[in-house]
Amino acid sequence: NGLDVDDYDPAKTEGGLRNAYDIPPEAVVVGSTGRIVPRKGYDLFIEAAAVAIKEYGGEGGLRFVIVGDTPYFFEGDHLSYLKKLVVEKGLEKHFIFTGYRDDVRPCLKDFDVFVIPSNYPDPFPRSVIEAMSFALPVVAFKAAGGIVEAVDDGVTGILCGPGNTGDMGKAIAGLAQDTALRKSMGEAGRERVIAKFSAEAVAREVEKNIFLALGETPEKG
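Last residue of the sequence shown: 221 in this note's numbering, with the numbers rising by one and none dropped.
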């Protein structure tokens, strides 16, 4: 997975999420993007949100945004299930479901914290490096898979125990309350994407592996 970091540059992108949904400027926006299917753990995200709302004491409150839809070829309407779950937990005023977006960049621009709640070995979700390229701190579960490879725990984001929604909620609240930490983690995340996950960096790694397989080095080639 190589990302064109120029295409995912917050300095070159306009938001629109806050205006479209009347989100107060002082509110902290916690968002996630992806396919809305059970294995992606959005029910856990909702549980973590309930914890974060109780923990957070800042002005403006928290807004949680889920960007995406359930693909037509999946059985069941998981998105409808999640919306009902939000209502059951009394979180309606805190949650926004945007539905499918063919371009998530305007949403990422208006996020303050990015959450990926997958609780299975997600191979390498592109959404994580897209968020990091937008200088967003990432909160995720420490499950096996590409998320652990992408996020540097404590530096570019916070990895919580697998399925531990209490820890995830506290991590979200902590980042929401600490603007400086969000900024430092976000900046470190973008630098990490440029160094390790940009299209150029991935191309160099592929080239190196090809030369190694041939028993040569790039210098010799």
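If you are wondering where the hints come from, they were derived from the structure by calculation, not from laboratory data.
Keep in mind it's a predicted model, so treat the numbers as computed, not measured.
A couple of the hints might just be wrong.
Unchecked claim - Simulated crosslink set (DSS-like; lysine-lysine; CA at most 30 Å straight-line):
no.	residue 1	residue 2
1	93	196
2	109	142
3	183	84
4	12	84
5	196	183
6	93	170
7	83	54
8	89	196
9	109	84
10	12	89
11	54	196
12	89	54
13	183	93
14	196	142
15	93	54
16	83	109
17	196	170
18	84	54
19	170	54
20	93	109
21	84	142
22	183	12
23	196	83
24	84	196
25	93	83
26	170	183
27	12	54
28	109	170
29	142	83
Stated by the list, open to error - Pairwise CB distance ranges (calculated):
no.	residue 1	residue 2	range
30	195	166	41 to 47 Å
31	18	120	28 to 34 Å
32	73	194	18 to 24 Å
33	177	43	32 to 38 Å
Positions of the beta carbon are idealized from the N, C-alpha and C atoms, including for glycine.
Hint check:
With a C-alpha separation of about 38 Å, the suggested pair residue 93 and residue 196 falls outside the 30 Å cut-off, and the hint is violated. At roughly 25 Å between alpha-carbon atoms, residue 109 and residue 142 fall within 30 Å of each other, so this suggested pair holds. At roughly 34 Å between alpha-carbon atoms, residue 183 and residue 84 are farther apart than 30 Å, so this suggested pair is violated. Between residue 12 and residue 84 the CA atoms are separated by roughly 36 Å; this puts the pair beyond 30 Å, and the hint is violated.
For the suggested pair residue 196 and residue 183, the alpha carbons sit about 20 Å apart, so the restraint of at most 30 Å is met. The suggested pairing of residue 93 with residue 170 holds, with an alpha-carbon distance near 20 Å, which does not exceed 30 Å. For the proposed pair residue 83 and residue 54, the alpha carbon gap of about 20 Å is at most 30 Å, so the pair holds. A hinted pair counts as satisfied when its Cα atoms are at most 30 Å apart, and residue 89 with residue 196 does not qualify at roughly 40 Å.
Taking the CA atoms of residue 109 and residue 84, the gap is about 28 Å. The hint holds against a cut of 30 Å. Straight-line distance between C-alpha atoms of residue 12 and residue 89 comes to about 38 Å, which puts the hinted pair past the 30 Å bound. Distance check on the hinted pair: residue 54 and residue 196 sit about 36 Å apart at the alpha-carbon level, beyond 30 Å; violated. Restraint check: the Cα-Cα separation between residue 89 and residue 54 comes to about 13 Å, which is no more than 30 Å; the hinted pair holds.
For the hint linking residue 183 to residue 93, the alpha-carbon distance of about 26 Å falls within 30 Å, and the restraint holds. Annotation: proposed proximity of residue 196 to residue 142 holds, straight-line Cα distance about 20 Å (limit 30 Å). In summary, the hint linking residue 93 to residue 54 is supported, as the alpha carbons are separated by about 14 Å, within the 30 Å threshold. Distance check on the hinted pair: residue 83 and residue 109 sit about 24 Å apart at the alpha-carbon level, within 30 Å; holds.
Of the supplied pair hints, the one linking residue 196 and residue 170 holds, its CA atoms being roughly 29 Å apart against a limit of 30 Å. This hinted pair checks out: residue 84 and residue 54 have alpha carbons roughly 20 Å apart, not beyond 30 Å. Among the hinted pairs, residue 170 with residue 54 is consistent with the structure: their alpha-carbon atoms are about 9 Å apart, no more than 30 Å. A hinted pair counts as satisfied when its Cα atoms are at most 30 Å apart, and residue 93 with residue 109 qualifies at roughly 21 Å.
Restraint check for residue 84 and residue 142: the C-alpha separation of about 27 Å stays at or below 30 Å, so the hint holds. Proximity of residue 183 to residue 12 is assessed by CA-CA distance (about 18 Å); at most 30 Å being required, the pair is judged to hold. Restraint check for residue 196 and residue 83: not satisfied, since their Cα atoms lie roughly 36 Å apart, outside the 30 Å limit. With a C-alpha separation of about 39 Å, the suggested pair residue 84 and residue 196 falls outside the 30 Å cut-off, and the hint is violated.
For a cut-off of 30 Å, the pair hint linking residue 93 to residue 83 stands: about 12 Å separates their Cα positions. For the suggested pair residue 170 and residue 183, the alpha carbons sit about 18 Å apart, so the restraint of at most 30 Å is met. Distance hint between residue 12 and residue 54 is unfulfilled; the C-alpha atoms sit about 35 Å from each other, more than 30 Å. A hinted pair counts as satisfied when its Cα atoms are at most 30 Å apart, and residue 109 with residue 170 qualifies at roughly 23 Å.
Taken as a hint, the residue 142 and residue 83 pair is honoured in the structure, with Cα atoms around 26 Å apart against an allowance of 30 Å. In this structure the hint that residue 195 and residue 166 lie 41 to 47 Å apart at CB is violated, the actual value being about 33 Å. The hinted window of 28 to 34 Å between residue 18 and residue 120 holds, with their beta carbons roughly 32 Å apart. In this structure the hint that residue 73 and residue 194 lie 18 to 24 Å apart at CB is violated, the actual value being about 35 Å.
Between residue 177 and residue 43, the C-beta spacing of about 25 Å breaks the proposed range 32 to 38 Å.
Violated hints for the displayed structure, listed by number in ascending order: 1, 3, 4, 8, 10, 11, 23, 24, 27, 30, 32 and 33.
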